[in-house]
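Protein chains in written order, with my numbering: chain A, 1 to 256; chain B, 1 to 383.
The hints are simulated quantities; they were obtained by calculation from the structure and are not laboratory data.
Predicted model only: the values in this text are computed from it and were never measured.
Where is the CB? At the ideal position from N, CA and C, for every residue including glycine.
Take every hint as true, because none was put in to throw you off.
Incomplete in silico selection of chain B near chain A, CB under 10 Å:
(1) F34
(2) G36
(3) A73
(4) I75
(5) G227
(6) R228
(7) G234
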Amino acid sequence: MVKPDYMKFLRTETFPTPFCPGCGHGILMGAIARCATEMELDPLRLLFVSGIGCAAWIPSPHFATDTLHTTHGRAIAFATGAKLFKPALKVVVVSGDGDLSAIGGNHLIHAARRNIEMTVLCANNSIYGMTGGQAGPTTPTGARTATTPEGNPERPFDLCRLVYGAGATYVARSTVYHVRHLMKVIKNALSHKGFAFVDVVSPCFTQFGRKNKVASASDQLFGLKEACATVDGLAGLAEDRQADKIAIGEFTARKE
Amino acid sequence: MYQMTKNTDKSGVRRFLQGNEACALGALAAGCRFYGGYPITPSSEIMEHMAAELPKVGGVFVQMEDEIASIAAVIGASWAGAKAMTATSGPGLSLMIENIGYACITETPCVVVDIQRAGPATGQATCPGSGDVMQIRWGSHGDYEIIALAPWSVQEMYDLTIEAFRLSETYRVPTFIASDESIGHLREIAVLTPPDMIPERAASCDRPPFGDPATNAVTPMPGFGQGRRLLVTGSTHDERGYRRTQDSAVQAKLVARLCDKIKKGSANIWKVESFHLEDAETVVIAYGSTARAALRAVRLARAKGVKAGMLRLITLWPFPDEIVAGLSSKAGRLVVPEMNQGQVSREVQRCTRLPVIASGKSNGEVVVPGEILPLLLDEHGQA
Ligand code: SF4
Chain A
1 MVKPDYMKFL RTETFPTPFC PGCGHGILMG AIARCATEME LDPLRLLFVS
51 GIGCAAWIPS PHFATDTLHT THGRAIAFAT GAKLFKPALK VVVVSGDGDL
101 SAIGGNHLIH AARRNIEMTV LCANNSIYGM TGGQAGPTTP TGARTATTPE
151 GNPERPFDLC RLVYGAGATY VARSTVYHVR HLMKVIKNAL SHKGFAFVDV
201 VSPCFTQFGR KNKVASASDQ LFGLKEACAT VDGLAGLAED RQADKIAIGE
251 FTARKE
Chain B
1 MYQMTKNTDK SGVRRFLQGN EACALGALAA GCRFYGGYPI TPSSEIMEHM
51 AAELPKVGGV FVQMEDEIAS IAAVIGASWA GAKAMTATSG PGLSLMIENI
101 GYACITETPC VVVDIQRAGP ATGQATCPGS GDVMQIRWGS HGDYEIIALA
151 PWSVQEMYDL TIEAFRLSET YRVPTFIASD ESIGHLREIA VLTPPDMIPE
201 RAASCDRPPF GDPATNAVTP MPGFGQGRRL LVTGSTHDER GYRRTQDSAV
251 QAKLVARLCD KIKKGSANIW KVESFHLEDA ETVVIAYGST ARAALRAVRL
301 ARAKGVKAGM LRLITLWPFP DEIVAGLSSK AGRLVVPEMN QGQVSREVQR
351 CTRLPVIASG KSNGEVVVPG EILPLLLDEH GQA
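Isolated chain B, as found in the complex (with noise of 0.2 Å):
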């Protein structure tokens, strides 16, 4: 798909940092080397720190007009060679959308981070949410796919930031970092450490630019300036980027090629994480930052001899349904907590036979090991 670059040095730091600032870290270390941004709480940390950083190294920053116009030096940046990021949190992204379906039917790589806060509208903009997390999924029009990560710790903000440049890359596709307030600005120890293998863009290449003709597979991400006289646009097009919008073939096969790529490369993109499901009669579904107080209460749930365990979603989109789907016989039922009035809960209500109980908090605050612990409990009569 890409070149990869080596990378020799090894050698891991650990640091006590703040989320944003290891989100900003981790983009430098994928090699991120375009931020178009504008500020908006809680998510500023990274805009601030991409400006003191990027020049640096050789990068650019810009401060743009609003959220339009950053996502969209975003996209033209990439298309000039970039590997470039923008960072927001939903009033930004809510103005972000077109130009993040333009993305996806352009196949451009690029990162957004969403710094999720408490909504809708303005809200409270200092206060953590996960209400964006099918905005993320659908806010563009028409049909697309895209991927979202979930990080729950400042180690993961630096991790996922890189995993995701690598898969934008990959599929060329928009990657999300679905974070939130409180992990954004949570200060605690990671251990920053370079990533084994950095994707750089290919220098030239003969394949057409949208598309495999005959496989409809995701060709390498081309650029300005290379000679290809690339016609880019965000109507559908053949793939060589010529317009075709009277075309019902051209455009079923376009929308089959940016659904299927994210699709039938799922079982390569999803990462979940595991903790005491073999027995697990009550399972746990959680994501990101309530992901931590989920745990908490299924080990104290455990304690009492409650057989509780947790999947946690690091992948978010595209849907681990199969994994949810799978999850153990000896599985009883489903406790799905997040930061919002249960937008997850019905993804994984939509996998499953096993009855799920959804519990949506929506009052700025976060989710805390008190208010899970219950819902293991009252089954066994153990409240």
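Bound conformation, chain A alone (with noise of 0.2 Å):
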């Protein structure tokens, strides 16, 4: 059997990945090493960088290029660092909405705030995946997790909104079931002089769905396609309607 290219982003020697069954991350890495292949990206010149959670572990051991692989929340900050000494890094940060946002938040406002030039892809299964379950700040409302037994009384942090607030020039959401729409957005903003932030809805089958009356991890990962409506489409919808999507596509995507 002939390798695909993409094969050569990889350290094929590590796998089986050690994501559960109907993880969305698995999809996630495909997508990303496909992107980086139809680019041809040169996978000397590219960093992955990480925090902690099971999305950390996408690059790291996953991507045959250099990782950095890092305190639980502190990716951008150590990206930051290394962008800045050496410019001809591509630097990527993967990591999750509990690193990316709850311990990592402050690091996240302020990169964008500086646009220096870097992707971060964010891989949103609005749990804590890796330690068991626990509410997150882009858990919905109501939802039942290890820590909100009753239901989550908070309100969920929209990731593209408070990203596109803090400055950042790339903004775009997709999910892991709209893999086209995904390595489309993954590609503009690999290709964007800024600093350029995809939220990619990836679900979480053990940590999340059988928690909330989900039957399987395919009717997780199918239902997105009902839960999520084109920026587009959602603009021709009621706004009651509006609120129970989730908006996927481009926030921003401008030069400054």
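Got two chains here, separate frames each, mind docking them using the hints?
Structure follows, in structure tokens:
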């Protein structure tokens, strides 16, 4: 069997991945490797930086590039130092929603403000997967988690709005169900000259779906089709209908 | 370990300047080309100086959003090939501590300057203290070793900062300048002599990135963009960087390397200075600004006929235990004055059977000779 080209971005000796069956993160991992291949990026000029959590394991150890697996929440700050000192590196942060927006929220908004050239891919499963399914700042109101047994009383962040408000010049959202769309926005993010952020909805059946009356991992994945609407499509909906939908698409892509 | 660039410029420049400024100039002379920091009294002049000077030599300065990010950026830059530094004070150091542990386990060279102020917490932002010396040593969780140097003059703020870069690059370990407000803000004359040799990172190397598999010795620091496809992780890893968190042998070998490279290198790291130790019956062990007062007290005591001497610790960590243990048998007792509640005195006690008189002071003021002198005199009935 001929190895697909994108395999050169992967350390196949580390397979199988540690992700649970049905986890979205493997799809995201494949999408990143395919984008890098189609864009003909040089694996020896790529630096992937991650924090702590399941999503942080997407690049480390799976990507056959330089990788920096850092402390919890701090990936963007480490990446900032590396990028500033060696601008020739293409720096990509891949981490989870808890890592990037709870403990690491300060670094996220300041990197967006600085508009440093880097791509941040947030694998957003709206839960702390690795530690056993605790609520985080992206957990929907009412969701049952290990730390909100009666339902989450808090409101979640809309990470795209947050990062947009902080000054990011490329902001998009996609999901691991919409792989073609996901690859399109990842490529746009990777070619963006400035701070690029993609919120990637990536279901965690193990820690979220099971506790929230989703029948199976595939139901959770295919459910994204109904749950999402494009930014343009949303504009045509009544306001009360808009709130129920996850908006996917590009929120900004501008030069500064 | 690394390549050395020979410095041909040997001309020292005499300058009247501030300790913090001398520290920045030492860093630049040592080849520091990245500074990431966050403002904090009484260290900010270092940052301001680096902000002005680094761009002139092609270096990078960045003001980060907090101290956690500052040390993170320094570590990231170090892996990208920079000799990198940050400076802070106690509250900032507290925030940096987790990532300092990360620098230890990933064997990342970096220099951390702590211009200590009186704590705990916000304490006295503009007053000196030495209350961080144990935090510098033990602040992060787990087993590891670091190096710390304690300058006592503006001259040493320059010289020891250069030395800190050499040690940090040699041992691939975070190296601290443990100074305090009184030295950071002191102004006096220093001769700024460029270092003989400046350590340079190798452009490429085929040794494993994390320790020699056979000897477990430290290997040269690799860098991003060298085509090595580096796997750097703060989790337990083997010599190639692969995460091996369930392997007790890999964990044991990793921790052994982090500790042994410093412990076994101690004799090459230690720097102390002796004053009148030949016949000293009472020996003061002091470091940093306190050693200035201690030396004056020793001289005053000798003028009164008391056989006093001083051992000045320039290296605080690894603690020069063999040197303290080897003090002449003439010494009858040891006096340890410091601007904390006896942090180093307990370390001294560990190394000796001699009685140790701890003289701690935590009021945000420097130790003065008059506070040490009575401790040198009283057993002789001459107080
Ligand atoms: S816990 Fe959730 S996020 Fe983590 S690997 Fe399993 S499914 Fe994926």
